[in-house]
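Full structure from sequences and hints, please.
The residues making up each chain are set out below.
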Amino acid sequence: MKQTALNEVHRRMGARMVEFGGWEMPVEYSGIVEEHLAVRTRAGLFDVSHMGEIEVRGPKAFDLLQFLTPNDLSRLQIFQAQYSALMCPNGSAVDDCVIHRRSEDDFFICVNAANTASDFHHIASRNPFHSPAEAEVRDVSEHYSQLALQGPASAAILRKVSDADLDRLKTYWFCKSECCGVPGLLARTGYTGEDGFEFYFAPSESEEVWDALLDAGETFGLVPVGLGARNTLRLEAAYPLYGHELDGDTTLLEANLGWICKLEKGDFIGRDALARQKEHGVQKKLVGFEMAERGVARDGYPVWIDGKQQGRVTSGSYSPYLKKNIGLAYIPTECAGPGRELEIEIRGKRVRARQTPLPFYKRK
Amino acid sequence: MYPEELLYTKDHEWIRVDGTTGAIGITDHAQKELGDIVFVELPQIGAHLTVKESLGTVESVKAVADIYSPVTGEVTAINPKLQNSPELLNSDPHGEGWLIQVALRDRSETESLMSAEEYEAYLKKGSAH
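Listed in order, the protein sequences are those of chains A and B.
Residue numbering for the first sequence follows our numbering, starting at 1074 and increasing by one per position.
Residue numbering for the second sequence follows our numbering, starting at 1046 and increasing by one per position.
Think of the hints as simulated: they come from the structure by calculation, not from any bench.
Using N, Cα and C, we set each Cβ at its ideal position, and we do this for glycine too.
Treat each hint with caution, since some may be false.
[To be verified] Here are some chain B residues pointing at chain A (derived, C-beta under 7 angstroms):
id: 1; residue: D1073
id: 2; residue: G1080
id: 3; residue: D1081
id: 4; residue: V1083
id: 5; residue: V1106
id: 6; residue: Y1167
id: 7; residue: K1169
[Said to hold, decoys possible] Keeping only pairs whose Cα atoms sit at most 35 angstroms apart, straight-line, the calculated DSBU-like set for lysine-lysine is:
id: 8; chain 1: A; residue 1: K1396; chain 2: A; residue 2: K1338
id: 9; chain 1: A; residue 1: K1075; chain 2: B; residue 2: K1055
id: 10; chain 1: B; residue 1: K1055; chain 2: A; residue 2: K1396
id: 11; chain 1: A; residue 1: K1358; chain 2: A; residue 2: K1422
id: 12; chain 1: A; residue 1: K1075; chain 2: B; residue 2: K1077
id: 13; chain 1: A; residue 1: K1422; chain 2: B; residue 2: K1077
id: 14; chain 1: A; residue 1: K1397; chain 2: B; residue 2: K1077
id: 15; chain 1: A; residue 1: K1233; chain 2: A; residue 2: K1435
id: 16; chain 1: B; residue 1: K1077; chain 2: B; residue 2: K1055
In structure tokens:
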């Protein structure tokens, strides 16, 4: 099992460690509910160094990525980040990702930990520009630690330890910045539904940055947050998680990701499948629901509609902020609609649930 | 740490025997392993329990766990506070966080349960693996 540079630090802080995507990661420190609420009301610090980083550089880097991803890279300015995906011909994705444009021909891609090796292979094997002078693809994950500072107080905390002009750093933009004396890439991105930042920097400096951020945030109520709350936070915000809402059998349109599918931008892998599906409509659709009776829906539980099993829960949990039991599921499109009822089969018993609009939580 | 007046199971439940009735709960170790508890499903009053069979479930944010009955008997009371305050299982697992009360059918069943000292030794042995 791989470990991040902060493994010892997490243990010292009393984290419970679990395996996730081949990595040994902290799942919780003080408790998922408390950590979750800290991010919604104050701030939380996450070690997300398990995430992978892939660089694509060279004069043909743009052409390569524009063909592999559905979002329109031509709209991506230097120092801007874009949510996108690495596509399959059937309109599904091998992974979702965030692409940062560091210069005209230099792209820095953040991908899911468990998919890093296959993503690298996916990009490299589809690179028609065989010379590294044209488009060079590198898995640089080992060269980066990644910390996420998330929550309404995160900008105020960061101001104490960073020289970045945060007023000018808008959501989904990034800059080169020193943070706690350490140079790196500072992006106003995240996976929690709150304002927040993600900082990419050299692993050797991990402990220094971690400690300095926690110190700077102490008066703001900043706490370390594990993957447990990261999951409940992203679920409330209805952000997809690869392997749950996204997989090789699910198209981006079905996953409510039509907004990153720019069919008019020109050809890209999966474009034809998406265009056909857009014309004929999707057969299944990702919907949100909350339990109407007592019971917690969990990943994989069957969904019943009109007395027939018609889908499965992809993510389900207690929602610490809404204090309800919520979940996401794929169901036939004709059954989808806020207010309409479902039944979730919980350990052999069908329990009533009601579809709700997504996201479950949106910051004001 | 573990109250001496309770008896413990290997599945991390406890029972407080008082004459022919017993109160049942989960141990501090169990609540720590589960994390924040958000949901408890318990049997109805009058339900018949069989030793070592599931009497209900406890769910934390992340996980679901079965609770196994330490004894055979009939449910005479359920903790009314747990429906709205399942977090009592985290804050006071051996007290306010009790789950149910049962009328014991056979008191001798409790003889095979562990004392507080034995349970602590059992936990220590488990964590050494």
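Are there hints from earlier that the structure breaks, and if so, what are their numbers? 1, 6, 7 and 8
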